[in-house]
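There are 2 protein chains.
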Amino acid sequence: MATQNAIVKSRAKSSGPRDKVYEIAAEVFHNKGYDKTSMSDIASAVGLTKAGLYHHVASKEQLLYTILDYGMDMTEAYVVRPLDSVKDPVVRLKTMIELHLKLILEGRKLAVTGLLHECQGLSPKSENRINRRKKEYVQLVSDLVGDVLDKTKSHKDVNPKVAALALLGMLNWTYQWYKPSGEVKPDEVVREFQDLFINGVLGTGEC
Amino acid sequence: MATQNAIVKSRAKSSGPRDKVYEIAAEVFHNKGYDKTSMSDIASAVGLTKAGLYHHVASKEQLLYTILDYGMDMTEAYVVRPLDSVKDPVVRLKTMIELHLKLILEGRKLAVTGLLHECQGLSPKSENRINRRKKEYVQLVSDLVGDVLDKTKSHKDVNPKVAALALLGMLNWTYQWYKPSGEVKPDEVVREFQDLFINGVLGTGEC
Chain A
1151 MATQNAIVKS RAKSSGPRDK VYEIAAEVFH NKGYDKTSMS DIASAVGLTK AGLYHHVASK
1211 EQLLYTILDY GMDMTEAYVV RPLDSVKDPV VRLKTMIELH LKLILEGRKL AVTGLLHECQ
1271 GLSPKSENRI NRRKKEYVQL VSDLVGDVLD KTKSHKDVNP KVAALALLGM LNWTYQWYKP
1331 SGEVKPDEVV REFQDLFING VLGTGEC
Chain S
1151 MATQNAIVKS RAKSSGPRDK VYEIAAEVFH NKGYDKTSMS DIASAVGLTK AGLYHHVASK
1211 EQLLYTILDY GMDMTEAYVV RPLDSVKDPV VRLKTMIELH LKLILEGRKL AVTGLLHECQ
1271 GLSPKSENRI NRRKKEYVQL VSDLVGDVLD KTKSHKDVNP KVAALALLGM LNWTYQWYKP
1331 SGEVKPDEVV REFQDLFING VLGTGEC
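Protein chains in written order, with my numbering: chain A, 1151 to 1357; chain S, 1151 to 1357.
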């Protein structure tokens, strides 16, 4: 496990030419639609010949799978692993919100997030693999919420799983409305989402 | 305006054969992907001949536009209009959460919601029209949040627009995870989302 994490981390940190290919390809799929995008479109966008692109990936379906798997690798490396060193449950949850949002809003992962729910192009086997990774992440977020509830002993009737899905909705929906050139900056989204969700889970007893 | 609303209402309430066509077509698009779906697929799913389907809609693009426009009509009729009779800001916001969720979870609008962010198939003119309707709805939700903040005079540093987008993310993301056959029932989602969001906006001052 440690070795696998080390690999994920080193892969994530390298942000080499392969990662750039995935990120640009994700943007092309996202903007043009997966079905309408040809491998020639991708090759042209990433500055490779079609043969050069096929050197990296065997097919369009494999490219989509690789991008989604890469999106989950990024989540693992930049959100899940850094949480290992945070002990306080509330701080852990706030950190998760910050890291997840920054991965989407400050990187070029907006398009990857947009693709993460378009698994129609995948083979059933690949779709199962991606869905398994998504479920593990939902479980992790659900556990984070559960730990906060246990610690604060407040608001007993929160179902941590439903709350986790609400949070992931808030976070992932940003790809629908966030514009890097817009008025709202990532730091404001982070602060406001942290306040909203932590206050929401802790409860005021007013409603 | 009153006349227009009356038309929207009567159209929404009729839930006639045309509405069924839209809802079933939305499910086919959602499951198979818009690009991969042919008009023959739609005709077969709704039990019409291809000629019969073309009697209702001129093209696949027009069908997609009509479905999305229908989704916004439903939101207008079943969420926005009923709020007119609710005066208290907190109750209005809670009611909006309940009605929006029930429209998605209890109707057959899950697929329509899924399509609402796949505007790639639309002409620029149609896309603009749908986006204008979406923006009006975001503004309405933002105003609802603003009214709650004004009334309660709490948590001054909430940007109502960002909070509204967070809420719409929570609500609309349900199409990603909600299963009618699953353990979590619509009433539980409604109650938990209301508590989470209202508590979140009102704030506890604990974080």
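Any given hint might turn out to be false.
To be verified - If you want the ones that stay clear, here's a sample from chain A, every Cβ over 10 Å from chain S, calculated:
#1 Asp1300
#2 Val1312
#3 Ser1331
Claimed, not checked - Think about it this way: if two alpha-carbon atoms lie no more than 27 Å apart in a straight line, the pair counts; the simulated DSS-like pairs of lysine-lysine are:
#4 S:Lys1200 x S:Lys1182
#5 A:Lys1275 x S:Lys1182
#6 A:Lys1303 x A:Lys1186
#7 A:Lys1335 x S:Lys1252
#8 A:Lys1252 x S:Lys1200
#9 S:Lys1329 x A:Lys1284
#10 A:Lys1311 x S:Lys1252
#11 A:Lys1285 x S:Lys1200
#12 S:Lys1284 x A:Lys1252
#13 A:Lys1335 x S:Lys1210
#14 A:Lys1311 x A:Lys1237
#15 A:Lys1186 x S:Lys1252
#16 S:Lys1186 x A:Lys1182
#17 S:Lys1237 x A:Lys1182
#18 A:Lys1210 x S:Lys1210
#19 A:Lys1329 x S:Lys1311
#20 A:Lys1284 x S:Lys1186
#21 A:Lys1182 x S:Lys1210
#22 A:Lys1275 x S:Lys1186
#23 A:Lys1210 x S:Lys1285
#24 S:Lys1335 x A:Lys1329
#25 A:Lys1186 x S:Lys1182
#26 A:Lys1182 x S:Lys1303
#27 S:Lys1186 x A:Lys1210
#28 A:Lys1329 x S:Lys1285
#29 A:Lys1186 x S:Lys1284
#30 A:Lys1186 x S:Lys1335
#31 S:Lys1335 x A:Lys1182
#32 S:Lys1285 x A:Lys1275
#33 A:Lys1284 x S:Lys1252
#34 A:Lys1284 x S:Lys1303
#35 A:Lys1252 x S:Lys1311
#36 A:Lys1186 x S:Lys1311
#37 S:Lys1284 x A:Lys1329
#38 S:Lys1335 x A:Lys1303
#39 A:Lys1335 x S:Lys1285
#40 A:Lys1285 x S:Lys1182
Don't read these hints as lab results, they were simulated from the structure. Just so you know, even glycine gets a beta-carbon here, dropped at the ideal spot from N, CA and C.
Okay, the hints, checked on the actual structure:
1. Asp1300: Label holds. Min Cβ-Cβ 16 Å, cutoff 10 Å.
2. Val1312: For valine 1312 of chain A, whose nearest Cβ neighbour in chain S is about 5 Å away, the distance does not exceed 10 Å, so it is violated.
3. Ser1331: Its Cβ never comes within 10 Å of chain S, the nearest being 16 Å, so this holds.
4. S:Lys1200 x S:Lys1182: holds, 18 Å
5. A:Lys1275 x S:Lys1182: Holds, at roughly 17 Å.
6. A:Lys1303 x A:Lys1186: Outside the cut-off at roughly 51 Å; violated.
7. A:Lys1335 x S:Lys1252: violated, 32 Å
8. A:Lys1252 x S:Lys1200: Distance ~48 Å between lysine 1252 of chain A and lysine 1200 of chain S Cα, so the pair is violated.
9. S:Lys1329 x A:Lys1284: holds, 16 Å
10. A:Lys1311 x S:Lys1252: holds, 19 Å
11. A:Lys1285 x S:Lys1200: violated, 40 Å
12. S:Lys1284 x A:Lys1252: Answer holds: lysine 1284 of chain S to lysine 1252 of chain A is near 26 Å, not above 27 Å.
13. A:Lys1335 x S:Lys1210: violated, 38 Å
14. A:Lys1311 x A:Lys1237: holds, 21 Å
15. A:Lys1186 x S:Lys1252: Since the Cα atoms of lysine 1186 of chain A and lysine 1252 of chain S sit roughly 34 Å apart, the hinted pair is violated (cutoff 27 Å).
16. S:Lys1186 x A:Lys1182: Distance of about 14 Å is within 27 Å: holds.
17. S:Lys1237 x A:Lys1182: violated, 44 Å
18. A:Lys1210 x S:Lys1210: holds, 25 Å
19. A:Lys1329 x S:Lys1311: holds, 14 Å
20. A:Lys1284 x S:Lys1186: holds, 25 Å
21. A:Lys1182 x S:Lys1210: holds, 17 Å
22. A:Lys1275 x S:Lys1186: Holds, at about 20 Å.
23. A:Lys1210 x S:Lys1285: violated, 34 Å
24. S:Lys1335 x A:Lys1329: violated, 34 Å
25. A:Lys1186 x S:Lys1182: holds, 14 Å
26. A:Lys1182 x S:Lys1303: violated, 45 Å
27. S:Lys1186 x A:Lys1210: holds, 15 Å
28. A:Lys1329 x S:Lys1285: holds, 15 Å
29. A:Lys1186 x S:Lys1284: Satisfied, since the Cα-Cα distance of roughly 25 Å is no more than 27 Å.
30. A:Lys1186 x S:Lys1335: violated, 37 Å
31. S:Lys1335 x A:Lys1182: violated, 36 Å
32. S:Lys1285 x A:Lys1275: Distance of about 38 Å is beyond 27 Å: violated.
33. A:Lys1284 x S:Lys1252: holds, 26 Å
34. A:Lys1284 x S:Lys1303: violated, 39 Å
35. A:Lys1252 x S:Lys1311: Holds, at roughly 19 Å.
36. A:Lys1186 x S:Lys1311: At roughly 34 Å apart (the allowed maximum being 27 Å), lysine 1311 of chain S and lysine 1186 of chain A break the hint.
37. S:Lys1284 x A:Lys1329: Roughly 16 Å between the alpha carbons, so the hint for lysine 1284 of chain S and lysine 1329 of chain A holds.
38. S:Lys1335 x A:Lys1303: Holds, at about 25 Å.
39. A:Lys1335 x S:Lys1285: holds, 19 Å
40. A:Lys1285 x S:Lys1182: Holds - the C-alpha atoms of lysine 1182 of chain S and lysine 1285 of chain A are around 22 Å apart, at most 27 Å.
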